[in-house]
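There are 2 protein chains.
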Amino acid sequence: MGVPQNLCTSCGKPLFARYDLKEAARTLTPQSLTTRGKSLWRYREVLPVRKDEDIVTLGEGWTPMLHVPRLGAKLGMERLYIKDESQNPTQSFKARGMTGAVSMAKQYGLKKLAVPSAGNAAGALAAYAARAGIEAHIFMPADTPQANIIECRETGAHVTLINGLITDCGMEVAKRKAAEGWFDVSTLKEPFRVEGKKTLGYELAEQLDWKLPDAVLYPTGGGTGLIGMWKAFDEMQQMGWIGSERPRLYTIQASGCAPIVRAFEEGKRFADEFPNAATKASGLRVPKAIGDFLMLDALRASGGGVVAVPDEEMIQAVRELGSAEGIFAAPEGAACYAALKHLRAQNVIRADEQAVIFNTGAGVKYLECFHD
Amino acid sequence: MGVPQNLCTSCGKPLFARYDLKEAARTLTPQSLTTRGKSLWRYREVLPVRKDEDIVTLGEGWTPMLHVPRLGAKLGMERLYIKDESQNPTQSFKARGMTGAVSMAKQYGLKKLAVPSAGNAAGALAAYAARAGIEAHIFMPADTPQANIIECRETGAHVTLINGLITDCGMEVAKRKAAEGWFDVSTLKEPFRVEGKKTLGYELAEQLDWKLPDAVLYPTGGGTGLIGMWKAFDEMQQMGWIGSERPRLYTIQASGCAPIVRAFEEGKRFADEFPNAATKASGLRVPKAIGDFLMLDALRASGGGVVAVPDEEMIQAVRELGSAEGIFAAPEGAACYAALKHLRAQNVIRADEQAVIFNTGAGVKYLECFHD
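Protein chains in written order, with this note's numbering: chain A, 1 to 372; chain B, 1 to 372.
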């Protein structure tokens with residue numbers, strides 16, 4: 001952790017932080033957690049950042065794991081849960097990654113960060129950069145939800161709108177960053193967003209009394225949360241907190257942008273760029289992800305699978321989920337419920353199994369999807 | 001707590017729940033709290049609801065108390081804090097009141113609830129009612145932010161828009177409730193929203209290590225949070241957790257709707273209805289509050305005061321606060337920062353004092369305030 005790094009300079013693939021887990025497990029124990037604070041920094045020993053004073057926090061993490069019996073009953077399930085990530089700072093799971101990346105940027109003394117974003121990552125970077133006194137340069141598609149554009153401006157970021165997709169925004173950052181002196185915090189192109197995101201896996205275990213569920217439904221754009229959880233399971237096993245059991249992981253994407261679904265079904269390890277990507281679920285509008293092989297490996301190793309959901313189904317699922325349980329989910333989160341209906345119809349997930357849906361953000365940030 | 005009640009049937013004033021605090025203090029202690037869950041129901045013994053299974057929860061409360069040194073430095077203050085209520089379900093402090101009111105409605109077996117709302121209370125009632133399987137009938141001014149209207153619909157509520165103010169909405173509920181079989185959960189016209197809101201006071205003490213701050217800046221519409229905190233301080237004193245010291249309470253309102261500010265300055269115990277109420281801070285657009293005398297009594301007893309803030313100042317304060325600390329505050333929350341500038345300029349709050357601003361909701365729910 002001596003100097004800032006992006007991808008591996010020899011293979012061009014993502015870098016991962018490693019910890020002395022034997023040492024970590026001396027102080028970080030399930031018992032020790034019962035009296036720790038409620039942010040994701042409760043898992044301090046397995047997170048980066050040398051000195052506590054470099055931690056840039058807005059109180060992220062430790063979001064509720066809500067039992068949703070009314071929604072479950074629609075599918076004959078008694079043990080359905082929603083992990084409600086909308087209760088993070090900036091109302092999405094992206095806060096987890098950015099507290100990691102921006103804290104490390106502060107440790108390194110970086111002054112200018114840049115990111116391409118499909119929406120919520122932008123809002124999170126803007127917020128954490130402001131909190132740290134660091135400049136944020138943000139590149140988003142011009143048709144990103146207004147909420148994301150406005151939240152970035154109101155937290156002092158420099159916002160550039162691009163006529164294109166997140167991949168085009170990424171190219172713009174790549175092209176300009178050297179001249180501008182920006183450090184690129186694109187997900188998995190820097191090693192610490194995934195460290196923040198992996199706490200989803202720690203919380204999944206802790207909030208279910210250290211017994212992982214049978215199935216996890218995860219809306220997948222860049223896939224950092226999925227990859228991070230998979231890493232967390234491994235770390236927890238090494239610390240002796242869980243055994244070798246894993247939940248079956250299901251990647252949920254939009255029919256209009258489903259590169260991982262397609263690659264999984266075609267038996268490929270790397271995903272082709274998805275052509276003409278289009279979906280109202282802005283977080284799923286990621287036609288090409290650098291961590292594709294990491295996701296595909298994890299999905300297969302877990303015995304899980306994939307589902308692509310049409311936009312109409314996911315928007316309808318927002319209201320079904322909201323009316324049943326009072327959670328106004330992001331379209332990405334609701335897509336998981338829509339997908340679960342298919343998986344139940346095929347009995348791929350059984351009625352007696354325990355399943356967890358990740359609602360990655362607040363529906364209220366996607367007003368464009370709901371105007372009459 | 002045997003039957004549902006609204007106002008006192010003899011005097012027409014609000015009713016308050018009372019507890020056997022000696023009994024409560026046997027199990028509820030500062031020490032006991034260190035291992036309790038992170039929702040406001042951690043204060044179980046001083047909250048209503050007989051049986052745990054009637055609690056209707058989405059994980060509300062225990063929001064972060066954030067030290068904001070960068071914002072404080074602008075005013076020469078080292079000990080400025082923001083209590084960030086945007087991290088509640090439905091992104092506002094209204095979740096606290098509604099978990100109380102809807103849980104009690106469930107206990108009573110009520111099937112239909114109605115509320116007039118300036119915005120965020122509507123979203124919260126819709127969510128908690130859906131979670132409980134209870135009908136929600138919501139009356140809002142037609143020019144309420146779109147986010148509030150949409151969140152209610154997407155969580156299954158029946159929404160009626162009224163050309164008027166929250167007071168007009170309240171009259172509509174009053175007129176129709178008997179025929180429709182609705183129970184009115186207008187704030188302070190039922191006794192349990194204030195019980196949920198009072199947990200703000202418990203958290204204020206607990207998060208500051210049981211030493212209340214010198215000053216509290218609270219954006220005041222109906223004033224339930226202020227009244228609830230004042231009640232909480234009294235309960236905590238009776239349980240021996242704090243002494244007789246109290247923070248100075250400052251009510252912050254919008255210049256376009258400042259009935260409590262006006263009454264305070266005129267030395268009145270009851271506030272006249274504010275004529276032609278108008279402000280972009282929808283939560284402050286409350287021209288007449290039934291708890292006016294309770295607020296005014298508390299403000300005076302605490303040695304605090306009042307500030308009215310013009311809309312331009314509060315909207316500018318949103319960006320100042322957001323850029324300094326990464327919190328995209330609701331206009332109501334940012335109004336407190338704008339007010340603090342005035343109070344510092346007059347040295348009413350001193351540089352060495354500890355002050356807490358309540359950011360009551362998420363700025364992202366007020367997009368209309370920020371369009372270019």
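Derived from the structure by calculation, the hints contain no laboratory data. Incorrect hints may have been included.
One copy or any two copies: either way a pair holds, since identical chains are not told apart in the list.
What the hints assert, rightly or not - 25 Å max Cα-Cα, derived DSS-like pairs, lysine-lysine: (1) Lys280 to Lys51; (2) Lys38 to Lys211; (3) Lys341 to Lys111; (4) Lys111 to Lys177; (5) Lys175 to Lys51; (6) Lys341 to Lys74; (7) Lys22 to Lys112; (8) Lys22 to Lys288; (9) Lys13 to Lys288.
As a check of your reading, is Lys280 near Lys51 (CA-CA no more than 25 Å) within one copy, between copies, both or neither? So Lys280 and Lys51 fail the 25 Å test inside a copy (41 Å) and across (42 Å) alike.
State whether the alpha carbon distance between Lys13 and Lys288 is at most 25 Å within one copy, between copies, both, or neither. within (14 Å within a copy, 62 Å between copies)
Status of Lys112 relative to Lys22 across identical chains (alpha carbons, at most 25 Å): neither (35 Å within a copy, 56 Å between copies)
Indicate which option fits the pair Lys341, Lys111 if close means a Cα-Cα distance not exceeding 25 Å: within, between, both or neither. neither (47 Å within a copy, 29 Å between copies)
Using 25 Å as the alpha-carbon threshold, which applies to Lys22 and Lys288: within, between, both, or neither? This pair counts as neither: shortest intra-copy Cα distance 36 Å, inter-copy 62 Å.
How would you label the pair Lys175, Lys51 (within, between, both, or neither) given a Cα cut-off of 25 Å? neither (33 Å within a copy, 61 Å between copies)
What label fits Lys38 with Lys211 when the C-alpha limit is 25 Å: within, between, both, or neither? both (20 Å within a copy, 20 Å between copies)
At most 25 Å between C-alpha atoms: does Lys111 with Lys177 qualify within a copy, between copies, both, or neither? For Lys111 and Lys177, the Cα distance is within 25 Å only inside one copy (13 Å; across copies 58 Å).
If the cut is 25 Å between Cα atoms, do Lys341 and Lys74 qualify within a copy, between copies, both or neither? within (9 Å within a copy, 53 Å between copies)
Hint violations for this structure: numbers 1, 3, 5, 7 and 8, all remaining hints satisfied.
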